[in-house]
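Engineer: Residue numbers (this note's numbering), protein chains in the order written: chain X, 26 to 141; chain W, 106 to 222.
Among the hints, a few may not be true.
Simulated restraints on C-beta separations [claimed, not checked]: (1) X:L141 <-> W:T132: 37 to 45 angstroms; (2) W:T132 <-> X:G125: 22 to 30 angstroms; (3) X:S43 <-> W:Q174: 46 to 54 angstroms.
Listed next, the in silico BS3-like pairs over lysine-lysine satisfying Cα-Cα at most 25 angstroms (straight line) [stated by the list, open to error]: (4) X:K80 <-> X:K91; (5) X:K91 <-> X:K39; (6) X:K91 <-> X:K66; (7) W:K108 <-> W:K175; (8) W:K214 <-> X:K66; (9) W:K108 <-> X:K66.
Since the hints were derived computationally from the structure, they do not count as laboratory data. The C-beta atom is built at its ideal place from N, Cα and C for all residues, glycine as well.
In case you want the letters, here they are:
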Amino acid sequence: GAVVSQHPSRVICKSGTSVKIECRSLDFQATTMFWYRQFPKQSLMLMATSNEGSKATYEQGVEKDKFLINHASLTLSTLTVTSAHPEDSSFYICSASRRGGRETQYFGPGTRLLVL
Amino acid sequence: AQKITQTQPGMFVQEKEAVTLDCTYDTSDQSYGLFWYKQPSSGEMIFLIYQGSYDEQNATEGRYSLNFQKARKSANLVISASQLGDSAMYFCAMREAPMNRDDKIIFGKGTRLHILP
Numbered sequence: 026g027a028v029v030s031q032h033p034s035r036v037i038c039k040s041g042t043s044v045k046i047e048c049r050s051l052d053f054q055a056t057t058m059f060w061y062r063q064f065p066k067q068s069l070m071l072m073a074t075s076n077e078g079s080k081a082t083y084e085q086g087v088e089k090d091k092f093l094i095n096h097a098s099l100t101l102s103t104l105t106v107t108s109a110h111p112e113d114s115s116f117y118i119c120s121a122s123r124r125g126g127r128e129t130q131y132f133g134p135g136t137r138l139l140v141l
Numbered sequence: 106a107q108k109i110t111q112t113q114p115g116m117f118v119q120e121k122e123a124v125t126l127d128c129t130y131d132t133s134d135q136s137y138g139l140f141w142y143k144q145p146s147s148g149e150m151i152f153l154i155y156q157g158s159y160d161e162q163n164a165t166e167g168r169y170s171l172n173f174q175k176a177r178k179s180a181n182l183v184i185s186a187s188q189l190g191d192s193a194m195y196f197c198a199m200r201e202a203p204m205n206r207d208d209k210i211i212f213g214k215g216t217r218l219h220i221l222p
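All chains should be modelled from the sequences, with the hints used to inform the complete structure.
Structural biologist: As structure tokens, then:
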């Protein structure tokens, strides 16, 4: 159990367009979801933490108007990259915490974004 | 200040040998949790092992064990009898409120492990 999915798995878009990435907990209700960004050959950097029904908490240096997070339900969080630019090209990974589950967060498979 | 330090950017190890991946951490909290994750080239994050700061015994999960030395703030991952499939990026991570699964996890820069046939 404790499966997290992401959609799409990869996306290519033109500069200036917006891209939405979905993160779903398939078989459990996630108390909190997290969004990470990973540039090539680098570590995961936390972008924001989101709880269902409340505003996301963004890490220092992350533009909340550019990376819109909506946590509509206990099983779905979305990240929208608005007016994407080539420097936003990255690997975006979500994770979810599960009350009563193991200590780890449960990670999605990631979304590769390429902005042309 | 960097909270998780992995000093080995890359390692090459012969198949079937044991591997130790280094990790040191920095926290002023008395209570915290330490994790190791494996990330193959596909990008998925695979949870390997967890150690709570108050756990008296070192954590073990199959071929993985965590050499926890609290006074040294060290949490090295030991992989016994390495296999070709162990080739991947390995991340050490920490959560400073281990009983609260809703708190964030901070990752180190990672170590790329190459297992040689």
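Engineer: Look at each hint and say if it fits the structure.
Structural biologist: Status of the hints after comparison with the structure:
no.: 1; hint: X:L141 <-> W:T132: 37 to 45 angstroms; in the structure: 42 angstroms, holds
no.: 2; hint: W:T132 <-> X:G125: 22 to 30 angstroms; in the structure: 25 angstroms, holds
no.: 3; hint: X:S43 <-> W:Q174: 46 to 54 angstroms; in the structure: 48 angstroms, holds
no.: 4; hint: X:K80 <-> X:K91; in the structure: 14 angstroms, holds
no.: 5; hint: X:K91 <-> X:K39; in the structure: 16 angstroms, holds
no.: 6; hint: X:K91 <-> X:K66; in the structure: 24 angstroms, holds
no.: 7; hint: W:K108 <-> W:K175; in the structure: 15 angstroms, holds
no.: 8; hint: W:K214 <-> X:K66; in the structure: 9 angstroms, holds
no.: 9; hint: W:K108 <-> X:K66; in the structure: 19 angstroms, holds
Every hint from the earlier list agrees with this structure, and none is contradicted.
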